[in-house]
Amino acid sequence: MTGVDALADREGWHVEGFAARVHYRGEGDRYAVEYYAPSDCVLYWKVKGDGETAVPVGRETVPDPLRERVRIDLNAAGIDPAVEGRSL
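Under my numbering, the first residue of the sequence shown is numbered 1, with each subsequent residue one higher.
Treat the hints with care, as some may be off.
Stated by the list, open to error - In silico EDC-like links for lysine to aspartate or glutamate, alpha-carbon gap of 20 Å or less:
hint	residue 1	residue 2
1	Lys46	Glu60
2	Lys48	Asp29
3	Lys48	Glu34
4	Lys46	Glu27
5	Lys46	Asp64
6	Lys46	Asp29
7	Lys46	Glu34
8	Lys48	Glu60
9	Lys48	Glu16
10	Lys46	Asp80
No lab work stands behind these hints: they were computed from the structure.
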């Protein structure tokens, strides 16, 4: 198994159809990370304190350890980790 379905085997990832999502906490902030198989891209969302509101953020604002973790998970799932840095 590779691709989006394989992300379900990685810690914290949840798969729904052609997309996968994981939530992270770090450096006092909370993020939701989404991978979309059809467009082969990663989106980052910063989650506000209420937990109900999220806003999309540029990857350059995301802490490097989180971005590295996402690349490791993508690679383990058989997805090219370079897609994490792809501009939309």
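Status of each hint after checking the structure:
Restraint check for lysine 46 and glutamate 60: satisfied, since their Cα atoms lie roughly 12 Å apart, inside the 20 Å limit. Taking the CA atoms of lysine 48 and aspartate 29, the gap is near 8 Å; set against the 20 Å cutoff, the hint holds. Proximity of lysine 48 to glutamate 34 is assessed by CA-CA distance (about 17 Å); at most 20 Å being required, the pair is judged to hold. As the CA atoms of lysine 46 and glutamate 27 are separated by approximately 12 Å, the hinted pair is consistent with the 20 Å bound.
Between lysine 46 and aspartate 64 the CA atoms are separated by roughly 14 Å; this keeps the pair inside 20 Å, and the hint holds. Our distance criterion of 20 Å between C-alpha atoms is met by lysine 46 and aspartate 29, whose separation comes to about 7 Å. Straight-line distance between C-alpha atoms of lysine 46 and glutamate 34 comes to about 12 Å, which keeps the hinted pair within the 20 Å bound. Proximity of lysine 48 to glutamate 60 is assessed by CA-CA distance (about 18 Å); at most 20 Å being required, the pair is judged to hold.
Proposed proximity of lysine 48 and glutamate 16 is contradicted: the alpha carbons are some 23 Å apart, above 20 Å. For the proposed pair lysine 46 and aspartate 80, the alpha carbon gap of about 24 Å is over 20 Å, so the pair is violated.
Hints 9 and 10 from the earlier list are contradicted by this structure; the remaining hints agree with it.
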